[in-house]
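Engineer: Read top to bottom, the protein sequences are chains B and H.
Just so we're aligned, residue 614 is where the first sequence starts under the working numbering, counting upward by one.
Just so we're aligned, residue 350 is where the second sequence starts under the working numbering, counting upward by one.
Hint data in this document are derived by calculation from the structure and do not stem from the laboratory.
Here the structure is a predicted model, which means the values were calculated and not measured.
Be a bit skeptical, because a hint or two may be false.
Claimed, not checked - Listed below are several chain B residues computed to face chain H (Cβ distance under 8 Å; list not exhaustive):
#, residue
1, Pro746
2, Val836
3, Ala837
4, Leu861
5, Leu866
6, Gln894
7, Thr912
Stated by the list, open to error - Over the 12 Å line for every Cβ pair with chain H, so calculated as not near, a few chain B residues:
#, residue
8, Gly812
9, Ile825
10, Arg844
11, Thr910
Glycine included, C-beta positions come from ideal geometry on N, C-alpha and C.
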Amino acid sequence: MLRRSLIPAVALSLTTLVAGCASPVQGGRPIAIGIESQYADVISQIAGPYVEVRAIETNPNTDPHQFEASPAVARAIASASLVVENGLGYDPWAARMIAAEPSARRKVIDVQRLLGLPAIANPHVWYDPGTMPAVAAAVAAALSSLQPAQAAYFQANVRKFDASLVPWTEALAAFKRRYPRTPVAVTEPVADELLTAAGCSILTPHSLQIAIMNGVDPAPQDVAAENALLREHRVKVLVYNRQVTSALTDSFLELARRSGIPVVGVYETLPAGYDYQSWMQAELAALVRAVSRGVSTETLGRGAAHP
Amino acid sequence: MSLLEFIFPPGFLANGPVHTALIVGAGAAIVSAVVGVFTVLRGQSFAGHALADVSSAGGSAAFLLGINPLLGFLGVAALAAGGMEWADVRDARERDLVTGVMLGVGLGLTALLLYLDTLRGSTSGAAIAVLFGSMFTIPASIVPLALAVAGAALVAIGAIYRPLLLSSLSADLAQAQGAGVRRTGLVHALALALAVSLAAMTVGAILSTALLIGPAAAALRLADRPGRALAWAVLIGWAATWGGILLAYDSFYWTPGHGWPVSFFIVMLIFIAYLLAGLVGRWLTPRSLERPA
């Protein structure tokens, strides 16, 4: 439903995967896979040196919705002891591959199921501040059953992870107090959960966001409504998905620039050099710059992991 | 709600994407209708369809390179049309075979280019836009080029109107009279390329046949003179395109928040016109320009 695979595409950006990685345990360490790079990052932070972590969807310049997996990905999933998938129609090929290679040993965390979300929920769940703490706890539980001797270490890492998110959630709360109900326009529902947590009101018609996300013809009424938001300065910022662009989103970007409305670029997978926490903080900092000083952050510069 | 408001819902005429769609759509419909009449008379409908499919490779290449998609459609369609005329296969069976093979090559290239696009920048909706059209996302900046292309096609057809008509109705007679059959054939092929790329911009490469062949086929059921057939074709194509845009706009209110694809309405209106033309034509004129099967 949410996936647009008109084209039988094969794997993209499998930089971390090499041929011949089919053995169940490599170098003695179990393999854990985060289908999206942000989940792989959280697994790494919880697992430390005890697990070999791989990400499948890592390229911040392409559309994860269009990803189709290759045989190399299937081999990797077959050999993994832990897989974290997003669900919500975002990575449906992953569930098919997991089902095709049944294994009693392998733990699978489906984030949609973990959070108890309905199938029609916004698939970009990692922008919701509540998501990753739940994922981290589930990852620790799965790792503890694989390596019971390290359970205390994994639990300590969960506490460290949760603590490292506090500056971000506090900044979100501060934004919400300082700039209540900030009107924003978006191109896709990518960062909608972050914007909601920051107390923003998203004025872009939901049907337009869905049409752009699914790559279908938008209704002209919706296009006109979005143009009016930008032209008439009814929004303080345009939140723009860097990973999926078209002539239409370009025209919104152009109109925002001409109208002097700051733009914040958002991503669907970890941008280069960031970890999950520093990525989320960078997006929020960009939003603050846009709303407080009218400064655009169209692309995130090369990031650094959180201290 | 008055009838006028019911037909033209509030905001329709003030809507930016609708304006662009109306202008580019009208250009595509008029040119396709005019060129289509000759294409049908010459028995080259399948070639016209194949040309559109092949041009989709240009459209998808344009998305990949980030250039104006109309230029992409146009470049590949012109190349393919020139190649088709140059090959000059007279035997109809052989011509269908060659055309069919080239159609496959073109769509195969399109599949590759659209896949590469997902690797590089992920243009949202490129596949839908190239194959089935995305009229309400056409950037307004394309209007001058689209109108220039439409004008060029009409001028080209106008310049060779008589010899083109003669060679379309009877190639042998035209040859005997010393009319430049090959030259008119080439000019027709290039006008066909212009028409097809305009139509591909609006209803997509796969559906552009409907705009090219449909109105012409309906018109030839109604009219017994070439001039009248051209007028009918233009009227039907134009009305179907604008009607389709209007219905697509209205459909937003039928299923709240979800407009139906404009290409669907245009193609359906053309089909209805074709059926009606059959009924009316049988009653109006027992004899028409349409060749007996």
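Engineer: Give me the numbers of the hints this structure contradicts, sorted from smallest to largest.
Structural biologist: Numbers 1, 5, 6, 7, 9 and 10, in rising order.
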